[in-house]
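Enquirer: Sequence order for the protein chains is U and C. Heads up: take any position in the first sequence, counting from 1, add 27, and you land on our numbering. Heads up: take any position in the second sequence, counting from 1, add 265, and you land on our numbering.
The set of hints was computed from the structure by calculation and includes no laboratory data. A virtual CB, placed ideally from N, CA and C, is assigned to each residue, including glycine. Please note that a few of the clues may not be correct.
Unchecked claim - DSSO-like mimics (lysine-lysine), calculated; alpha carbons at most 27 angstroms apart, straight line:
(1) C:K727 <-> U:K37
(2) C:K807 <-> C:K727
(3) C:K637 <-> U:K231
(4) U:K153 <-> U:K140
(5) C:K993 <-> C:K1007
(6) U:K44 <-> C:K1007
(7) U:K92 <-> C:K1007
To be verified - Taking CB as the label site, the calculated pair distances span:
(8) U:G237 <-> C:N609: 43 to 49 angstroms
(9) U:P116 <-> C:G403: 52 to 58 angstroms
(10) U:T106 <-> C:K993: 51 to 57 angstroms
(11) C:G653 <-> U:G149: 48 to 54 angstroms
(12) C:P624 <-> U:A185: 47 to 53 angstroms
(13) U:T106 <-> C:A547: 50 to 56 angstroms
(14) C:S563 <-> U:T144: 48 to 54 angstroms
(15) U:I226 <-> C:N609: 32 to 38 angstroms
(16) U:P116 <-> C:E648: 31 to 37 angstroms
(17) U:V113 <-> C:Q472: 53 to 59 angstroms
(18) U:I226 <-> C:P624: 45 to 51 angstroms
(19) U:V113 <-> C:E989: 55 to 61 angstroms
Stated by the list, open to error - Taking beta-carbon pairs under 10 angstroms as the criterion, some of the chain U residues facing chain C (in silico):
(20) C59
(21) G63
(22) K92
(23) R114
(24) R117
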Amino acid sequence: MSANTAVAEKYRNNFLKEIEEQVEMGDWVKMCMQCGVCSGSCPTNFQSAWEHPPQELFMMIRAGKREEVLSSSSMWNCTSCYNCIVRCPRKLPITHIMHGIAEYAHRLGMAPKMQPTRFFSGLFWKNATHTGRVNELKLSMGLYFKDGFVQGVKNGMAMQSVALGLVKAKRLNVMELFGGHKCKDQKGIHAMLKKAYEIERSRKTAKMAG
Amino acid sequence: MADIKVGAYICKGCGLGERLDTEALVKTAQKDGKVPLTKSHDFLCNADGVAMIKNDIASEGITHIMIGACSRRAKTEAFHFPEHAVARANLREGVVWIRPDTDEARETTQEMAEDYIRMGCAEVKAMTAPAGNPNTGGSKTLLVVGGGVTGMTTAIEASKTGYPVVLVEKSGALGGWAGKLYKRTPVHEPYKSPADTGVADLVSQVQADSNIKVYLNATIGKTDGAPGRFVVDVATESGATHTEDIGAIVQATGFTLYDMNKLPELGGGKSPNVVDQAGLEALATAAAAGDGVIRRPSDGAPVKSVVFVQCAGQRDTTGQHLSYCSGFCCNASIKQAMYFKDTNPAVDTTIIYTDLRTPGNGEDFYRSAQEKGVIFTKGKVAEVVPNGNTSTVKFNDLILGDTDASMVDVDLVVLATGQIANSGINIDALAGVAEEEGAVEVKPISILNLTYRQGKDVPQLKQGFTDSHFICFPYETRRTGIYTAGPVRRPMDIAQAREDATGAALKAIQALENAELGRAAHPRSGDLSFPKVRLEGCTQCKRCTVECPFGAIDEDEKRFPVFNESRCRRCGTCMGACPVRVISFENYSVNTVGAQIKAVDIPDEFSEKPRILILACENDAYPALDMAGMNRIEYSAYVRTIPVRCLGSVNTIWITDALNAGYDGVMLMGCKSGDEYQCHFVKGSELGRTRLSKIDDTLKTLNLESERVRDLEVAITDIERLPEMINKYAAELVAVGPSPFKGF
């Protein structure tokens, strides 16, 4: 039984309770009064980019629409501008809840795989933790080739002049493609992150097992 | 009338002396006004000026006083001569403050002032000092009808103020609706949980009070008389009748829940597991007496999931159910959801609402319910399908746009049906008013059994709540001395009802005190004048008895009108209605206004100085004009304004007289009428307008254009709009041309 089916079985008809217990700041969801100020304040213009604006996500949680919420790309579109938090009359930490739900969906393997924000987050994390430093050339290359080799070449060609400009201004070193700069104690960093990950995983697993 | 001696006094203060030729005004009063004793004073409202008038009263035997100074609404304490007839010429707000201080304007401004002096002199001569209503009664006892929270609070408050109370309750116990509640919505910090109803405390206060006489199982057999001298028959269950002398009445007969059997689509009456809010209170009370678990009525199993359906049969647009929001039910459902959550947080409680309305501190209560885990779903319930011991609630989810949303296996469905006023017989129903859309079917049992000509109960609004001036006089019904409080007046909760009860008690006390002194109640509080009828001239047309908005006029055996002065509010609607003009007040009559209209100097048609008569309602339009003056907003110098008590008091003879005298136009300014009326006399402006709608015939017989009479709906806030409307009308009249009646 996957983690997802196990937890879904555990909460059966009470998705709200699941969110309250499993998602960081999830216990705030019940306090939403559906005024829609968050949606109106969102600079990402949810109407085109967001499938479901925040207050609608909260209502879907209450209505028990588990699949739809967890597989939604909506919360991944949050740019953490904090406008909604500032404006929410009920003081809900909406930004944090969005990230909380996104993280939970990711953990359960329900998040949309190729959603750009999610893809980039993974890429960034891998890139930064690998050497302890962000390798910008590899990061952008990775993003260009997200949708396959042909599309990657096309993206690269489109950005050619920008890249050349950066090279001329000594903002981009082509040699970074081979190895690149790194921090002094890579092993230490890896060990530290591994430990942190273990701590978090054991905590969250315990919570899910409940 | 033989001993009239008039003194006219013209003030020079507040810039009147600089802007106007006051010596010429004195001469006008003496020559045109025919008041030889005319004086001017530098500062009439100061002690010296008032002393001058008082001295003339003492030494010269002045009986009638004309004061040419500020508006009649200003300096009322200084110019207070209750024993004398007083007229005021409004030279300040009505003339100098609304005219520019320029050389060109000087002549027309002076003419305006002179006309107001002539009008004042003419008016005061047609007046007598009001002596007060002689048919008074001095009963200080308050009758409270209804022993619920509102009634008991009224009784306690009145008793604490020192007035004896008779409390009549139809059922066998005090408490009313609130007595059936398990708990109430909280009214104190921290507004988090249901609170004790407090009914037991109220009942014990009433029972312990020797000043309150309680009749249980009793109804009102008959209510006769007028404020200060009501005679009320209290009929008890045993058949005995007790007669009580009553000063004023507070009707606190509360409400009945809308019958859920009229909502079969929501499962009303189809399953014992679908209840209204009263039904749930009963379940909760029964549970509290037992193990605290609320049980499903069908089989006694503990309720695991409950759905509250808000606006059940309310805010209905189809015309089948209640058109209004009852205001209390959202908080009540939140409270009832907490009955479940407070005993067992595992019970699923869902409130399906379209707009959550939580007045007062209900917002905190709402938040507390969310914290306790009550689910709020915005949606419109389409159908409740009972099936065995559970039900399916089908609804349109308004947030998720899901028209086929549903909740299954619901143990208990609670319908939040609204309040219907227990307001007795709809006395206007015979006239076909009740057939309007949204009208509510009311129980045909009279509550007060009034012996009034106009019907047995107090008039109602179209939804069945008792009629009152919503903004200014919320408790006052259209029957003087009879007040309504609580949900019989408008839908409300306990906290609002208690506030209402206190207000109504104090208003009722005012009414009985005023009645004893022969004075009017609101809005002309303290007015000593009352309508007098010259019966020799009466044609028994019954217009006054039918039109009186307050049911003050009955008929005798010979079908002549009988005026119950204590019931009268002094609006003058009867005077405006009377086709033979036999009804008048001592200080306000067809003559007092007619004489003013005739006193105005009408320049000939070649002078290019039109004259516009404004008859302005003294409650809203006249203060608005005064305030326009205070703000120095200019308007035409050709208008001559006469305040009237109400548009309803305007007798068409005034308009005919004005047009015959050569006025170019007549403007009538009255309050908004209709369903959302603002008339201080409720129906006055409406009746006045109905009467005046027939003025076109008069205009035709005079061969005049219809533009010559203009009706304007005015609110007290129209301070800037009114001068604009006046100027616009003056310009329109220039286009119409001068009246052909000038110079005859």
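Enquirer: Compare the structure with the hints numbered earlier in the document and write down the numbers of the violated ones, lowest to highest.
Expert: 1, 6, 7, 8, 12, 19, 23
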